[in-house]
Amino acid sequence: MLQNIYDYLLLWSLFSIWLVMLINNVLVTGGFICYLKHTGKNKPVVPEEDLPFVSVLIPAHNEAKVIGKTVEAILDADYAKDKYEIIVINDNSSDNSAEILERIKANHPGRMLTIINTDNIIGGKGKSNALNIGLAQSKGSFIAIYDADNTPEKSALRELVYAIMNDPKAGAVIGKFRCRNRNRNLLTRFINIEGIYFQWMAQAGRWQLMKLCTIPGTNFIIRRSILDELGGWDTQAITEDTEISFRIYRLGYHIRFCPYSASWEQEPETLAVWFKQRKRWVKGNYYVLIKNFKYLFDPDAGPVRFDLIYYSAVYVLFLSSSVISDLIFILGFGGFIQTTILGYSLLLWVMAYLLFLLSVFIALSTEKGELRLSRVFTAMIMYFTYCKLWSIITVVGLASYTADFILKRKITWYKTERF
Amino acid sequence: MISSKRGAVIRMMILAVMFLASNNMDAEASAFTKNESYVLLYDRLYDYASNSSDVLRQYIELKAYGADVVLLRAERSDVEITDKKTRIISFPSSFESAEKYQQALQTFKGYKVTPFNGKSILPAKKGKNKGLFLAVSEVYPFSDLNKLMDLAERLHSKGIGFIVSIMPVYDNYQFEAFQKFVDVLKYVGKKGGRIFIHFPVVNYEGTYNLDPTALFEKALQEYRNRGLEILGITLPQNKMLNDLRVYDGLGLPFILVTEADGKISADLDLFKVSRALNDFIVIKGTYIDNFDFFGYRGKNFYDGEQAVMVTAQGKEDRLFHLLSVLEDERVPVWQFRVSDYRQRLRNLGFDKHVGIFEEQEKSQHEKFLEEEMRKIRGENLEGEKFVQGYDISTFSAVVVKMAVFLLGIFSVMVMISRRFNLRKFFKDQ
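Protein sequence lines correspond, in order, to chains E and X.
For reference, each letter of the first sequence is one residue, going 1 to 419 in the working numbering.
For reference, each letter of the second sequence is one residue, going 1001 to 1429 in the working numbering.
Here chain E stands alone, though its shape is the one from the complex (with noise of 0.2 Å):
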């Protein structure tokens, strides 16, 4: 029997991790399937004149130095430039953004962009707020979202719409978003693999299997009815587009991933800035996740409720777990402490890093040139050392949520820094 309470940790862990790398395993799975099926055969498309009038939103604070390519690349998509306007919420920016939006503007006289700059007593309350404004000004009955680091590629937009046209279910359709600056250091360079592996591969595997997706926050398309009736985004929230998911399956209706539409953003190059981003990324979802816990236990929640088991298995179980097993490692190494733990192989870890390298293999071969030698060794160092920065980040997380919670302190919204 168990004798102390480091064998109750160990074992918690062990089935924690397995748990999830397998419930992981079977996304990847499923995500490869449905990358098989969307082959480019029997896509759905909408008719010239039947494209439907698209408000395309970008919240912005101090982002000078990508605005205005994103801006361009939305204006140069590949969509009836009749039939999509542009909003750009410049919301309580110090730079110079707004004299750049100007400029663009100036240089497309015709087009429908909108700059609205905010100052400090309506704006700068963070992103959900920004989205909020633009939501209130703007005139399309769907709404795309993109951060102002996108680079939208020319046919992202209209696959969005071409996907959420012809699905009423779905309340809302998601593409992709990939890592612009993926070579540039280590560390985007995981980011990548991460953006591929966990993100998308994990998205569309929970799509096939469950038509489960979780809004990613940019490259997204949404039906104004439905914001309409959801009264917008929660301002409390910072992971707003977890946050919305939750209420848009709510309604009923689901979310569509669509594979065709992709985006390009910038992540973070040093890990000072990743660390913040993330961060703000964890305590998001632990927000999210006890604001909705109540419906784990409800039968009319839908499939909302793998979202939360999901979110509670990855946040609570898995990192956890992954900062337990490594400390008793780590303490039963040096002595201090002792397990009495039978039967425990070396075996579990090898196989536990093989599948996660074929499973991130697997993501790979779904994207144009990045089943390649380098991002293979990518790989096998990320499973020491991104993954353990992970871990790390889950604590950190928890304990400012928690220090949040206990001092009343207000959440702020982390504007990720731009290179």
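Note that these hints are calculated values from the structure, not bench results.
Please note that a few of the clues may not be correct.
Claimed, not checked - Rough simulated footprint, nothing fancy, chain X against chain E, three-plus residues with beta-carbon under 8 Å:
1. 10–19
2. 97–104
3. 322–335
4. 362–371
Claimed, not checked - Beyond 12 Å from chain X on every Cβ pair, some chain E residues (computed):
5. ASP119
6. LYS139
7. LEU186
8. GLY232
Model, not experiment: these values are computed from the prediction.
No residue lacks a Cβ here, since even glycine has one placed at the ideal position from N, Cα and C.
The hints should help you fit chain X onto chain E, whose structure is shown.
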């Protein structure tokens, strides 16, 4: 304080074994001598820079157990061995070349020559242990001579003979202190101290290779000229035979041999060796810090003829302290229990050994036997905490099998994606 206790007749462990004791050993050694005779045929005693010698080891071992042994260098072709029962043991490894060894065998072709095979020639027999000696070593003219005299008086009052090993003085005999030193040594001699002289340690102009023979002879002569009787020499094992010339013929019939690491087996009874060699008395020295006094509490426990060594360079206090503990209690050695004296011994600075001595009260074998018997009788069930770990090998096996299955599936998936080039469908991206 010390003199007030002179009258006490106390039986203590150091007293129990007297200086130059045991007549029974002679009888034992001589009985062995009559039975066996050996000739050890060799070319060189030591290899260059070697720290040990098979030839000497075997020679000393045989001598230690009373065998009649002669070392015979191969170049001595004029030797005739008359006793046909004599065993000739050759040491091939001591010869420079195979040719030289073959030449030696030719010389003795009329005899049966057995090459040494690395195993001890000696029959598996050990001698009994005999006695314990006390030696105060490294006594210089500038040592604490008052303390030396106190010690001498104290031991004399108990009837204990002891050795005082003095250092050679090579020069500066004109100082009055030297004469006083000799006078103190004479006083010590009257109190039962046997004066030995330490083998010369000379560092002349930075070299240790200076031949010390002349200096040593001079130093010895200066002591003797002043009327000091010097009986023997204290020297490390490795110098006993190698540097025989240094002290040979100087009238030092007794030898106190101190240890040299790795030279000669620690199991050897050097007392017997020396007696068999040429009537010298040879004693194995052990410094007081390393000596297990309490291992001597039973007559059969101690090992070898040993001298307890205490240097006169700052450690003599420890001997005084120990003696005072034993004198106060008047405890027969064989009734001495460390546990009774634990704290006091620690206070005296012997704490390093106390724990070890306690452990030695019962040998490992005895403890093992006792514990096993308790277990067999079921007496120690409550004392045992049976810890059985939680076995997850079944779980591990299932997970590994599942993982292998998944790895197979995933490998197929990767092959499919490569074969059909899945990426081409998304090449616009």
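So which of the earlier hints does this model not fit? Those not satisfied are hints 2 and 3.
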